[in-house]
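Undergrad: The primary structure of each chain is shown beneath.
Protein chains: 2
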Amino acid sequence: MAERLRQDDRRRQLIGIGLEILATKPIHALSVDEVAARAGISRGLLFHYFATKQDYYAAVVRAAARRLLTAAQAGPEVAPDRQLRSTVAAYVGFVVRHREPYLAFFRGGAGADPQIQAIYEEVRDALTDRALAATGLPASPVTRLAVRGWWSLVESLAVDHSGERAPAVASEALVSYAVDALPGLLAGLDRLTAPAI
Amino acid sequence: MAERLRQDDRRRQLIGIGLEILATKPIHALSVDEVAARAGISRGLLFHYFATKQDYYAAVVRAAARRLLTAAQAGPEVAPDRQLRSTVAAYVGFVVRHREPYLAFFRGGAGADPQIQAIYEEVRDALTDRALAATGLPASPVTRLAVRGWWSLVESLAVDHSGERAPAVASEALVSYAVDALPGLLAGLDRLTAPAI
Numbered sequence: 001m002a003e004r005l006r007q008d009d010r011r012r013q014l015i016g017i018g019l020e021i022l023a024t025k026p027i028h029a030l031s032v033d034e035v036a037a038r039a040g041i042s043r044g045l046l047f048h049y050f051a052t053k054q055d056y057y058a059a060v061v062r063a064a065a066r067r068l069l070t071a072a073q074a075g076p077e078v079a080p081d082r083q084l085r086s087t088v089a090a091y092v093g094f095v096v097r098h099r100e101p102y103l104a105f106f107r108g109g110a111g112a113d114p115q116i117q118a119i120y121e122e123v124r125d126a127l128t129d130r131a132l133a134a135t136g137l138p139a140s141p142v143t144r145l146a147v148r149g150w151w152s153l154v155e156s157l158a159v160d161h162s163g164e165r166a167p168a169v170a171s172e173a174l175v176s177y178a179v180d181a182l183p184g185l186l187a188g189l190d191r192l193t194a195p196a197i
Numbered sequence: 001m002a003e004r005l006r007q008d009d010r011r012r013q014l015i016g017i018g019l020e021i022l023a024t025k026p027i028h029a030l031s032v033d034e035v036a037a038r039a040g041i042s043r044g045l046l047f048h049y050f051a052t053k054q055d056y057y058a059a060v061v062r063a064a065a066r067r068l069l070t071a072a073q074a075g076p077e078v079a080p081d082r083q084l085r086s087t088v089a090a091y092v093g094f095v096v097r098h099r100e101p102y103l104a105f106f107r108g109g110a111g112a113d114p115q116i117q118a119i120y121e122e123v124r125d126a127l128t129d130r131a132l133a134a135t136g137l138p139a140s141p142v143t144r145l146a147v148r149g150w151w152s153l154v155e156s157l158a159v160d161h162s163g164e165r166a167p168a169v170a171s172e173a174l175v176s177y178a179v180d181a182l183p184g185l186l187a188g189l190d191r192l193t194a195p196a197i
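Sequence lines, in order, name chains D and W. Take the first sequence: its letter number 178 is residue 178 in our numbering, and every next letter is one higher. Take the second sequence: its letter number 62 is residue 62 in our numbering, and every next letter is one higher.
It should be emphasised that the hints constitute simulated quantities derived from the structure, not laboratory data. Each hint should be verified, as a subset may be incorrect.
It does not matter which identical chain is used: a pair holds within one copy or between any two.
[As the list claims (entries may be wrong)] Computed cross-link-like contacts, DMTMM-like style, restricted to lysine to aspartate or glutamate with a CA-CA straight-line distance of at most 25 Å:
no., residue 1, residue 2
1, K53, D33
2, K25, E121
3, K25, D81
4, K53, E34
5, K53, E121
6, K25, E164
7, K53, E172
Work the whole structure out from these sequences, hints included.
TA: Structural data, given as structure tokens:
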């Protein structure tokens, strides 16, 4: 019976409902009663699992982040010199397949919500670590700054590419363009670190 | 008297209160009663100006977007070949001065909220138009794709630069790095448009 779900399963069920509803509805339009009703539990029991609506939302976004990071990785069979391309291709594919939830969870979010901002940071940092590992670059502060910026560029390309106004560009070509943009951005970094004249 | 404010002034007042509160509080934690109380009006009167909480939020984000676009422009006195740099410098300066509200209104936002997503698109498009005008580039679909991506890179640099973990880089150097990144990104565009082999 639904009432007999174990704690972990119940949490997972509630998060799954949130992933579904919040992909198409902004957080301030989310009704906790609706979530509880869908799960067949009381509003009070929902708040037993998540202390506040904000905590529930953070748990849902965290789950979305895990899915993104699981999807956006090169397989273990990928040769070192293809890992960056493979990671970017997997990331772009994820955004194309899940555009609405991607926008809802990673470009939208919850405004000035420190929990959500922390999750965004974790995702961006994890992706940046993968790019640094794939390129063998040292993770100096300015290199990270540039690689994080490059991921923002890649995100924009992927989101635009999957949108209504997308120019007719093959995903493969988009991935190549994105991957090939990184060396130029890194080569320009000496401008950032050069002492002022 | 506060009760006698004209309609436009009242709207402006309510939006001003929202700009202040929502810079530090996520939308789902915003109490409409708090906004009404601060304005010295009833909750009912607030809903006379904004049909729903979502509409109120959209009006606040739209006001933040207007402020950003007003701030992020080159002055009329700037020579054509310095306009892009001047625009980027003004944009980076805005993000540095208003980091928290910037994150709240433009990186956070309202998840799957079509009104907010439309405002984001308008801002990104307006900035892209400015960059295209400053560089004299034709606004082809792939050029727009690249320039929009470049603005995402600039945003990431500006946000990281103003954050706690920022590497020690002068704003001036950051602006130069951002401006100088654009030609390389545009030069790579032939990869996107070249016919597949």
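Undergrad: Is it within, between, both, or neither for K25 and E121, if the alpha carbons may be no more than 25 Å apart?
TA: both (23 Å within a copy, 18 Å between copies)
Undergrad: Treating 25 Å as the Cα threshold, decide for K53 and E172: within, between, both or neither.
TA: neither (40 Å within a copy, 42 Å between copies)
Undergrad: If the cut is 25 Å between Cα atoms, do K25 and E164 qualify within a copy, between copies, both or neither?
TA: within (19 Å within a copy, 32 Å between copies)
Undergrad: Measure nothing new, just compare the shortest in-copy and cross-copy C-alpha distances for K53 and E34 to 25 Å and report within, between, both or neither.
TA: Cα proximity of K53 and E34: in one copy and across copies (12 Å, 18 Å).
Undergrad: Should K53 paired with D33 be assigned to within, between, both, or neither, using CA atoms and 25 Å as the limit?
TA: both (11 Å within a copy, 18 Å between copies)
Undergrad: If the cutoff is 25 Å on CA atoms, where do K25 and D81 land: within, between, both or neither? Let me know, please.
TA: So K25 and D81 fail the 25 Å test inside a copy (41 Å) and across (44 Å) alike.
Undergrad: As a check of your reading, is K53 near E121 (CA-CA no more than 25 Å) within one copy, between copies, both or neither?
TA: within (21 Å within a copy, 28 Å between copies)
Hint compliance for this structure: hints 3 and 7 are broken, all remaining hints hold.
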